[in-house]
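Colleague: So the chains spell out like this:
There are 4 protein chains.
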Amino acid sequence: MIEIPPKIRQCVREIRVGRNVFGGGDFVWIAGPCAVEDGESFRRIVGELGKLGVTFCRGGLFKPRSSPYAFQGLRAEGVELVRRAKEEFHFSFVTEVLDEASLRVLLPVTDMIQIGSRNCLNYELLKLAGATGKVVLLKRGFAVTMAEFLGAAEYLAASGAREIILCERGIRTVTEVTRFTLDVGAIAWLKRHVPCPVIADPSHAAGDAELVAPLLLAAHAAGADGAIVEVSQCPEETRCDAKQQLDLAAFAQMKRQMD
Amino acid sequence: MIEIPPKIRQCVREIRVGRNVFGGGDFVWIAGPCAVEDGESFRRIVGELGKLGVTFCRGGLFKPRSSPYAFQGLRAEGVELVRRAKEEFHFSFVTEVLDEASLRVLLPVTDMIQIGSRNCLNYELLKLAGATGKVVLLKRGFAVTMAEFLGAAEYLAASGAREIILCERGIRTVTEVTRFTLDVGAIAWLKRHVPCPVIADPSHAAGDAELVAPLLLAAHAAGADGAIVEVSQCPEETRCDAKQQLDLAAFAQMKRQMD
Amino acid sequence: MIEIPPKIRQCVREIRVGRNVFGGGDFVWIAGPCAVEDGESFRRIVGELGKLGVTFCRGGLFKPRSSPYAFQGLRAEGVELVRRAKEEFHFSFVTEVLDEASLRVLLPVTDMIQIGSRNCLNYELLKLAGATGKVVLLKRGFAVTMAEFLGAAEYLAASGAREIILCERGIRTVTEVTRFTLDVGAIAWLKRHVPCPVIADPSHAAGDAELVAPLLLAAHAAGADGAIVEVSQCPEETRCDAKQQLDLAAFAQMKRQMD
Amino acid sequence: MIEIPPKIRQCVREIRVGRNVFGGGDFVWIAGPCAVEDGESFRRIVGELGKLGVTFCRGGLFKPRSSPYAFQGLRAEGVELVRRAKEEFHFSFVTEVLDEASLRVLLPVTDMIQIGSRNCLNYELLKLAGATGKVVLLKRGFAVTMAEFLGAAEYLAASGAREIILCERGIRTVTEVTRFTLDVGAIAWLKRHVPCPVIADPSHAAGDAELVAPLLLAAHAAGADGAIVEVSQCPEETRCDAKQQLDLAAFAQMKRQMD
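Read top to bottom, the protein sequences are chains W, F, Y and S. Take the first sequence: its letters are residues 1 to 259, numbered as in our numbering. Take the second sequence: its letters are residues 1001 to 1259, numbered as in our numbering. Take the third sequence: its letters are residues 2001 to 2259, numbered as in our numbering. Take the fourth sequence: its letters are residues 3001 to 3259, numbered as in our numbering.
Pulled out of the complex, with its shape left as it was, chain W reads as follows:
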């Protein structure tokens, strides 16, 4: 019914980023704070995550926030903090780009380019990201159909990208007990119809720390190749999305359930 766009059909099934391979059978963990807030707290959390076996970290530098008065991320100032932490702890890093300027600033420090939900259909940004030669992580928008999602991914591919990872992060529905509804059927369908690896973001879908683990387990069971999870040392003190962040103990327990 949905025609898979031509260049998506030519995309790569197994994508290596540092020590992790997406789509190769092992479940890939990406974890880290919602935002990089300062050098020391970031150093500590990625250090702790490393001890738990996590070699791929996340952390927002350019944050798209619902209010212009909310913390917008450390932006360019955070790049050096991340660079130093990577040097010390040897992890791969993914962070969101918002436009050409942030893309240029982040390219040297990020190992994978994240296009966030709000920019899922921002085609000009997709063209730029697709042309970098980097692996791109494309998050599905709040109300984006599979046809539109693949159209967006094809923008990446048409610009040259063949290493594209799709991320299901929940859609807007009537359900009021989660922030979004994790669409495990979309994960299962994508795994059957497109070559690209598919990961899940259970943190944004849940919007609630206690529901992150079951959503992650469900995504895995539906066929997800990995997950991107928000973890922080003091969830209650973080400057964004505090409610949905796991502390290290909860993350460690969830990871043990899976491994």
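Any given hint might turn out to be false.
[Unchecked claim] Below, a list of computed lysine-lysine pairs in the DSS-like style, where the Cα atoms sit at most 25 angstroms apart: (1) Y/K2191 x S/K3243; (2) S/K3191 x Y/K2243; (3) Y/K2127 x F/K1127; (4) S/K3127 x W/K127; (5) W/K127 x W/K191; (6) W/K243 x F/K1191.
[Said to hold, decoys possible] A few chain S positions that, by computed beta-carbon distances, are all more than 12 angstroms from chain W: (7) G3018; (8) F3089; (9) S3117; (10) R3118; (11) L3128; (12) G3207; (13) A3252.
What the hints contain is simulated information worked out from the structure, not anything from laboratory work. Built from N, CA and C at the ideal position, the CB exists for glycine as well.
We have chain W; now place chains F, Y and S onto it with these hints.
Modeller: Chains F, Y and S alone, transformed into the frame defined by chain W:
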């Protein structure tokens, strides 16, 4: 945030129906055709399911169809067919009731009363079903919130039922590759907040046989206590919902993946 | 694209109920309290509405409420109150039926049978209502497509009804400032594709008295043949849906805007 | 319930662009083709629209299309065509910007900056657009709540804009007979709670020429200050969104209904 209604809080955590216990740790399989179409085909499918270890069967007698000209089920005429098949194969049986008349007809043959999605908020029917003393399986409606779902379940409880099983069967969303979106977050949330066992209906959510297994696995991973699955011997020949029915081989393979 | 069901195509374009004609060019006003709460308050409100030219009144006797502990309506006890008020003030009356029992109780007093949103796909009830010979008002469910809505209406028609009025009352969407989203496009589409008159329920869509008037005006502009509006003398004292009820002054002002 | 952001509260109620005033009581018509396709066809359509009294024209130069292989607009090459048509026919012009590059290219020729639905939450673009000193037209995203919509508008305001026009263009819902569902309740709510003028885009909501007029009339009735409508000389030959474009005769008839 959502207040759990008072009598739901007093509901039973483990519910035995025949040889199956919902909420007791073992995953309960309910399987069978969308509709009971004739005695011989029903006999054969439940016989085959029995060989696969399924001791709880489903099969619609009163079918709520989108068109008045579609097959409406064998109705009262099918009761005797089911009774005989139960006698021969010793399975528990669940089927949908639509109103007081069908409830009366079905009570002698059904071991669990199913309230379908379209009647999730049909409070008069809930009052009747709750007063029978039978276990009730309440399916969530297409666009029903958790608050409304628990309100509906409380109607059952307020009429006397304490053995209530909740069923997540997918909600209406923007996703076009599945018929409905299975809300695994709702399953996880319900398991944390109400005592009632929760099962999933991956068949109606998927609307497509190839997606039934991943949805069932996801539901299980999210905490579901069981599943109700449409299985028929010749999916392409069935008179309703043909596309989403598993054949016996596909069902057996899925069951092995889980057991 | 959507095939109009055969008996819907034979339905009547102009439907007279008492002094009102739906589909005849004049906008029909149906107004009254959410629920009939007692004889005196009902007498007073329908009396006042009559002075404003309203000759078709609404008032719930059997109320489908989200909680079993909320006021369920006066039920059979209210019939005599309504009968007496009709005798005194000579208005037509519409009220919701929930099942066969309430249908039987209400038939002598109601001039039009209302099927509520929650029972839009309750096909057994539709069969009964369609066979009464009375005009039926079918409200669209929270997440019901046009194809399903017409399928439901066809159940009425297949049981004999040819005088069917369709009611758009808002659907569930992401919008948080109204209780439901009034689907004016559905009104416009229905008016172009089916003969049945179409009315709107701006009160339930708005969920907020201050938005009732603009929604009603929008529905009229989109082609609605009338509206059913909740009006009460003391909105803040009513026992259900208080927030969305207009007081008489607000209703009178809105009606003047239209007439 | 929803707090209106501080700078939105200081926005201007009446916004003059050329000969049109939004929010001043007169309904403002913006019309034109989905995309500017070539100089001659654009010249002809704006000339014809001028004869119908339309002094504000639309026409996409940078088109965000679902497929990278679809016509992406004339882009920078179209600017001179528009400039010449404006010189000849003296209309105001609005067109969509996609990023900083297109913004720079379009600033000299556009009298109002349009942020499209897909970029409604593209905050970096909003910051740039808000800082230009131009009037900004912000279209609501497919699944954007009022709180998010006002948050996005506040990005414009926080960057200096005080002349912001909000555009309701339909949201994603279960309804299958329109492309999107025009949210007239959102229009009514915005008009009561924020100073900014509000217009509607009935063309994208309808997705079908025959439903454009009733949606426009409904938006007007709900309080919209104007509308932006797709009109082309040969709808069936246009290179994008052909199905929803009005021809001149249909547009003229609709305009007469309103004026």
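Colleague: Evaluate each hint against the coordinates.
Modeller: Going down the list of hints, with the structure as the test:
1. Y/K2191 x S/K3243: Holds: Y/K2191 and S/K3243 sit about 20 angstroms apart, inside 25 angstroms.
2. S/K3191 x Y/K2243: Given pair S/K3191, Y/K2243 holds - Cα atoms ~20 angstroms apart, limit 25 angstroms.
3. Y/K2127 x F/K1127: Roughly 21 angstroms separates the two Cα atoms, so the pair holds.
4. S/K3127 x W/K127: holds (21 angstroms)
5. W/K127 x W/K191: Holds, at roughly 24 angstroms.
6. W/K243 x F/K1191: Distance of about 20 angstroms is within 25 angstroms: holds.
7. G3018: For S/G3018, whose nearest Cβ neighbour in chain W is about 28 angstroms away, the distance exceeds 12 angstroms, so it holds.
8. F3089: Check passes; 30 angstroms lies beyond 12 angstroms.
9. S3117: Its Cβ does come within 12 angstroms of chain W, the nearest being 8 angstroms, so this is violated.
10. R3118: violated (4 angstroms)
11. L3128: Violated, since 9 angstroms does not exceed 12 angstroms.
12. G3207: Non-interface label stands for S/G3207: nearest chain W Cβ at 14 angstroms, farther than 12 angstroms.
13. A3252: holds (34 angstroms)
Violated hints for the displayed structure, listed by number in ascending order: 9, 10, 11.
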